[in-house]
Amino acid sequence: MTDLSLPSTSACPACAAAPIAQRVAHAAAPDAIILSLPGVHCAMCITDVERALMARPGVRAARVNLTLKRVTVQAPGLGADDLIPALAAIGYEAHELDPDALSATAADKQGRDLLMRIGIAGFAMMNVMILSVAVWSGADAATRDLFHWISGAIALPTVAFAGQPFFGSAWAALRGGRLGMDVPISLALILATAISLYETTQSGHHAYFDAAVMLCFFLLIGRYLDHRTRAIARSAAAELTALEVPRAHLLCDGGEQVVPIAQLVPGDLIRVRAGGRIPADGEVVEGRSETDRSLLTGETLPMLAEPGTILSAGEVNLSGPLTLRVIAAGKDSSLSRLTALVEAAEAARGRYSSLAERASRAYAPMVHLMAALSLAGWFWATRDLRLSINVAAAVLIITCPCALGLAVPAVVTAASGRLFRRGLLIKDGTALERLSEIDTVVFDKTGTLTMGRPRLAAGDDLPDDLRAVAVSLAAGSSHPLSQAIVAAFPDQQPARIDGIGEYPGQGVSGVWQGRRVSLGRADWLGIIDDDMHRSGSSAWLSIEGQAPRRLDFIDELRPGAADTVHRLRAQGRRVILLSGDRPAAVADVAARLGIGEYHAGIDPIGKAQMVGALGDDGAKVLMVGDGLNDTAALARAHASISPASALDAARVASDVVLTGQDLGAVADALQTARRATARIRENFTISILYNLVAVPVAIAGFATPLLAALAMSASSITVTLNALRLRR
Amino acid sequence: MEILSILIPVSLGLGALGLGAFIWALRGRQFEDPKGDAERILSDEWDDRPRPD
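Protein chains in written order, with our numbering: chain A, 630 to 1357; chain B, 5 to 57.
Please note that the accuracy of each hint is not assured.
So the derived label-pair ranges between C-beta atoms look like this [stated by the list, open to error]: (1) Ser-9(B) - Gln-831(A): 19 to 27 Å; (2) Gln-34(B) - Ala-1005(A): 28 to 36 Å; (3) Ala-29(B) - Gln-1300(A): 35 to 43 Å; (4) Ala-684(A) - Gly-32(B): 49 to 57 Å.
These aren't lab readings, by the way, just hints derived from the structure by calculation. Positions of the beta carbon are idealized from the N, C-alpha and C atoms, including for glycine.
Throw the hints in and build the complete structure from the sequences for me.
Below is the structure:
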């Protein structure tokens, strides 16, 4: 379980608002260690962490990046394991990040490149604008020509440099036979600059240098916001991946060696400690334990593992150390076999065309058509090519989708910033739009609606003396059921029990007041018990000379689960529970949450098919799940959310990752997505309204550079301000 | 109007100075950790001398 959004304990308001994890920006030296620090939030934290790290011998440099909540340490010869305890000692949780998985330097370079172009366009815009204001306020004759020449000298190199991202993608679109948004943009930039240069040489009245440069500036800002949102999502997703540095304990020549999972080959002997995740498919050769397969199947009951049992990668070893002989590793393991299923599901989902794409598909031909028509019309009426081209250029500049270019990125940036503070990471650009259309929500049970962590039910029924015995037996074991017993009675004094021994995969036993006491599985204690008909798992407490007592455990609900289900239903959405677990367990959770529609015992293919069938019936399905068995369904659904505790494969397949524990963010996400999409539509309406007013004026030939500048900046600013309303 | 021959180069020069400073800051990776830089100023850690790195 990795909870990335730790509650901030600071009182300073600047810290309370968690920052958007920005682009990865490390010129990481080869031996640099990168640690994720979810708890840092203010100036004191920076000083504490850096001081604690520098105090360790061998550390050459340590620098905290607060925006990314990371520290980069230069410490040749030291490993992350040497540094994490030093930070834990001063109260900071730290996780090692795999520096190779954080290779986002290319995205970082692109971001800085865009910023540079914005800076240059901004500089040029301000200077050209000063000169243009002089021209608009009545400079004429030689002064006007001089000002036009200077403006041209500034604008020409600026447009050539700052416009490159647009020219590049317009060229790519044209070669692909498409007419994207960048084609009219590039045409407007080139035509405006060229006609202004010509007018300047002819000492004409109107030059559109300021409009061309301003167009560059505003559109680059839209481009940068878009880039930043995507880079943030990418780096956050990379960080989640980098958190699990995949390693295995390889047994060789009597020793144990830590190796990356990729180096495992079939036939290797590996050791899996209690509590560890099984790194590769294998057969148990030594040891007895129980495994938790809930991430693979949704099944909550622990499975017995003994020599000869085949285990799959992704299962968690619960009680005793196991030695496995690897059968399949890496690409061949059962973890990877689901990939084909996921790819098939993704293909079935089809490509979603975003609002911006649909708008530009309708808009781009209109722009060209209108410019061409006004050119033809004016030429037919006046036979004056210079005048006609001037009018056509004015039409292109005014219709140019400046506000349209900002309409989507500004909203998406504001909305994902807001959702990030609520613990949601938007991984995909169109996820917000797809989330806003959702009418059916399908939940997985284990690990999604529940924590996948057992809790002792009806603990009060246990007499005091037995309670002491149970706590005493359970205290020494790391089995989740034992830990649940200890957690259920925090104030209980343990009884004195001699000779406690743990039998991995079976239970714990000892001697209490001369009698043998045991806590463990029913079959181990010789009790006939049928687990299948009860909702939760159970353990038995047996005391010599007394009837054995059953201890029932229920799977704890995730915080906010009941509230979320209630809110979703109140919003009129259909809520369905699909689980691979036993019917009794699923029915119990459904009843506790008030979900009427549930299906138990569904395998991964069945889940994907049911989600697909719902989609074919016209429902827009949101799949929320964490397990490997949900992966195909996550990919098949219209939109998908997975918690950060999910397996890598599930997180990759989903559009949104829930970084906190609270499931309540899911309902918020749907609401925010709906508002964001409404804002995007409003923004489109605003820019179209501006055009409706300005275009007739331009076609009629009354457009001046002043009018173009006013329309452009006013619409861009309105659109941005409208988007910012989302932050509240 | 002769004053323009002084004023225009001066205004362009000042603007270029600002642009140069921005590019210098960008190259020096000063936009890597905006939140951290805003907080670091509150710490008295390296107030007496610059941090040696």
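Check the following: the C-beta atoms of Gln-34(B) and Ala-1005(A) are separated by a distance inside 28 to 36 Å.
violated, 52 Å
Range agreement (Cβ of Gly-32(B) with Cβ of Ala-684(A), hint 49 to 57 Å):
Roughly 28 Å apart at Cβ, these two residues miss the hinted range, so it is violated.
Cβ separation of Ser-9(B) and Gln-831(A), checked against the hinted range 19 to 27 Å
Cβ of Ser-9(B) to Cβ of Gln-831(A): about 24 Å, so the range 19 to 27 Å holds.
Satisfaction of the hinted span 35 to 43 Å by the C-beta atoms belonging to Ala-29(B) and Gln-1300(A):
At roughly 39 Å between Cβ atoms, Gln-1300(A) and Ala-29(B) fall inside 35 to 43 Å, so the hint holds.
Of the hints listed earlier, those the structure fails to meet are numbers 2 and 4, in rising order.
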